[in-house]
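*Asks:* Listed below, chain by chain, are the residues.
There are 2 protein chains.
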Amino acid sequence: MNKLELISQIQQKKSFLCIGLDVDLAKIPTHLLSESDPIFEFNKQIIDATHHLAVAYKPNTAFYEAYGIKGWVALEKTINYINEKYPEIFTIADAKRGDIGNTSTMYAKAFFEDLNFDSVTVAPYMGSDSVEPFLAFNNKHTILLALTSNKGGLDFQGLKTDNSELYKEVLKTALTWKNSENLMFVVGATKAEYFKDIRQIVPNHFLLVPGVGAQGGNLQDVCKYGLNNNCGLLINSSRGIIYAGNDKGFALKAKDEAFKLQQEMEQILHKKSQG
Amino acid sequence: MNKLELISQIQQKKSFLCIGLDVDLAKIPTHLLSESDPIFEFNKQIIDATHHLAVAYKPNTAFYEAYGIKGWVALEKTINYINEKYPEIFTIADAKRGDIGNTSTMYAKAFFEDLNFDSVTVAPYMGSDSVEPFLAFNNKHTILLALTSNKGGLDFQGLKTDNSELYKEVLKTALTWKNSENLMFVVGATKAEYFKDIRQIVPNHFLLVPGVGAQGGNLQDVCKYGLNNNCGLLINSSRGIIYAGNDKGFALKAKDEAFKLQQEMEQILHKKSQG
Numbered sequence: 001m002n003k004l005e006l007i008s009q010i011q012q013k014k015s016f017l018c019i020g021l022d023v024d025l026a027k028i029p030t031h032l033l034s035e036s037d038p039i040f041e042f043n044k045q046i047i048d049a050t051h052h053l054a055v056a057y058k059p060n061t062a063f064y065e066a067y068g069i070k071g072w073v074a075l076e077k078t079i080n081y082i083n084e085k086y087p088e089i090f091t092i093a094d095a096k097r098g099d100i101g102n103t104s105t106m107y108a109k110a111f112f113e114d115l116n117f118d119s120v121t122v123a124p125y126m127g128s129d130s131v132e133p134f135l136a137f138n139n140k141h142t143i144l145l146a147l148t149s150n151k152g153g154l155d156f157q158g159l160k161t162d163n164s165e166l167y168k169e170v171l172k173t174a175l176t177w178k179n180s181e182n183l184m185f186v187v188g189a190t191k192a193e194y195f196k197d198i199r200q201i202v203p204n205h206f207l208l209v210p211g212v213g214a215q216g217g218n219l220q221d222v223c224k225y226g227l228n229n230n231c232g233l234l235i236n237s238s239r240g241i242i243y244a245g246n247d248k249g250f251a252l253k254a255k256d257e258a259f260k261l262q263q264e265m266e267q268i269l270h271k272k273s274q275g
Numbered sequence: 001m002n003k004l005e006l007i008s009q010i011q012q013k014k015s016f017l018c019i020g021l022d023v024d025l026a027k028i029p030t031h032l033l034s035e036s037d038p039i040f041e042f043n044k045q046i047i048d049a050t051h052h053l054a055v056a057y058k059p060n061t062a063f064y065e066a067y068g069i070k071g072w073v074a075l076e077k078t079i080n081y082i083n084e085k086y087p088e089i090f091t092i093a094d095a096k097r098g099d100i101g102n103t104s105t106m107y108a109k110a111f112f113e114d115l116n117f118d119s120v121t122v123a124p125y126m127g128s129d130s131v132e133p134f135l136a137f138n139n140k141h142t143i144l145l146a147l148t149s150n151k152g153g154l155d156f157q158g159l160k161t162d163n164s165e166l167y168k169e170v171l172k173t174a175l176t177w178k179n180s181e182n183l184m185f186v187v188g189a190t191k192a193e194y195f196k197d198i199r200q201i202v203p204n205h206f207l208l209v210p211g212v213g214a215q216g217g218n219l220q221d222v223c224k225y226g227l228n229n230n231c232g233l234l235i236n237s238s239r240g241i242i243y244a245g246n247d248k249g250f251a252l253k254a255k256d257e258a259f260k261l262q263q264e265m266e267q268i269l270h271k272k273s274q275g
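If you read the protein sequences in the order shown, they are chains B and A.
Numbering-wise (UniProt numbering), the first sequence opens with residue 1 and increments by one.
Numbering-wise (UniProt numbering), the second sequence opens with residue 1 and increments by one.
Bound conformation, chain B alone (with noise of 0.2 Å):
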């Protein structure tokens, strides 16, 4: 999918969200449990249930690799029930992968080709030639971990650096390298103020926000400055909708959740379109 086709589904929906599938069958609805693949059955009525109040969908990939063999089979047929069912969906492999050129193109195949994902989220530490392979794949997008929302976000990326803090020069550094047009950064929610500066360094790319709700950010605070004229944002919320409820009603709790952040965005798209 290109960027054309991500910011043309979101002025339609009138919905910048992400809904995170980070699914825990210890959390999940218990009569689902008897199903043949659980994981795979819970996201599919979550899918059918929110398609049209969101524009992306966000499975983590470690939730999926806690259940071995099981789990990657429930996360390809989530994948190819995505791409089948509602192709207009951006897709994000929450992977945080990285590692030196030739490795990380075998990720960068895994994600991208095999599993035919739309993007998948990068770590930075490796530099250039880590990230570069993921870069060189057309309509296809790096997400690179930028500021994190976690509490030991900052014992590196916010370190002061001969020019500014490191978070800030992973965001100048990666704009230097080949196809960086193809690249949207993570940005942690709960760190509202730092958007300012951040969209002063990349006011062009989008940002993908994870930490509204249950970690604790606040969607105005970081729609005032990391929104842009073409949005720019794609906000996630995983535990606060997938889990909004937990019997067999759990998927129609779920849009419930994501109608009232819908409901939120379209009113901050239409005030920003007003000016």
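These aren't lab readings, by the way, just hints derived from the structure by calculation.
Hints may contain errors.
Pairs count within a copy or across copies, as identical chains cannot be separated in the list.
As the list claims (entries may be wrong) - With a cut-off of at most 25 Å between alpha-carbon atoms, the simulated DMTMM-like pairs for lysine to aspartate or glutamate come out as follows: (1) Lys70 <-> Glu35; (2) Lys3 <-> Asp24; (3) Lys196 <-> Glu41; (4) Lys271 <-> Glu35; (5) Lys27 <-> Asp114.
Based on the hints, put chain A in the right spot on chain B.
*Replies:* Here is chain A on its own, set in the frame of chain B:
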């Protein structure tokens, strides 16, 4: 496996060789391609031929993910084969994972419990709470990326912060984390001169050193500064060993290459013990 068992194995085998099981179907002998599981068959023969010369095996997960479900099955069979037939061998999942707390716990369970690896490589960018969930496992080892041997390695790792280069800050900070005695560090071999500084910060921890051989690092140079009284090094070679041959005798050729490295290591250990 605890650290004493690893040290004891190094002393018995007079080797600190780690063999990287980075299996690429385009590079393995073609007669294996008709096997039902060519990746596992390749690994099995390499392992059977080299287990007495190596103290560790390190499959890089990218090479397995690239083949989807089949790849994960091959990885699972490989680690089970090592654990059953050669339980004295130290196993490393070269996965370079890292995510926020509860998600890192999922990865840790996947590699330490389900697959029963002795260790996993982890990226530091997300800080303390992305690594500590791995460190919480008893007799399991978390091998943190510090300085990597790829071209872009210094893009960020070499950035000078207020105190010192980023990779040194990673080493120093990691030592303050809970259960830091379960840490090892990845340090690239192409930068042997860095080992002197690194050993001042982490004199006692094991260092996993990729980049000897195909990537251009020199074993003698690394050992000069990197060895400590418990050896403290695991030197990895992947392509130089596993692709030494490309016909039915490939495993013997791999053994020959592993033997050469083991012999060199035996001399180095002998010299060190003399004084």
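*Asks:* Work down the list of hints and note, for each, if the structure agrees.
*Replies:* Cross-check of the supplied hints:
1. Lys70 <-> Glu35: both (13 Å within a copy, 23 Å between copies)
2. Lys3 <-> Asp24: Neither, since 31 Å and 33 Å both go past 25 Å.
3. Lys196 <-> Glu41: neither (40 Å within a copy, 54 Å between copies)
4. Lys271 <-> Glu35: neither (45 Å within a copy, 62 Å between copies)
5. Lys27 <-> Asp114: between (29 Å within a copy, 20 Å between copies)
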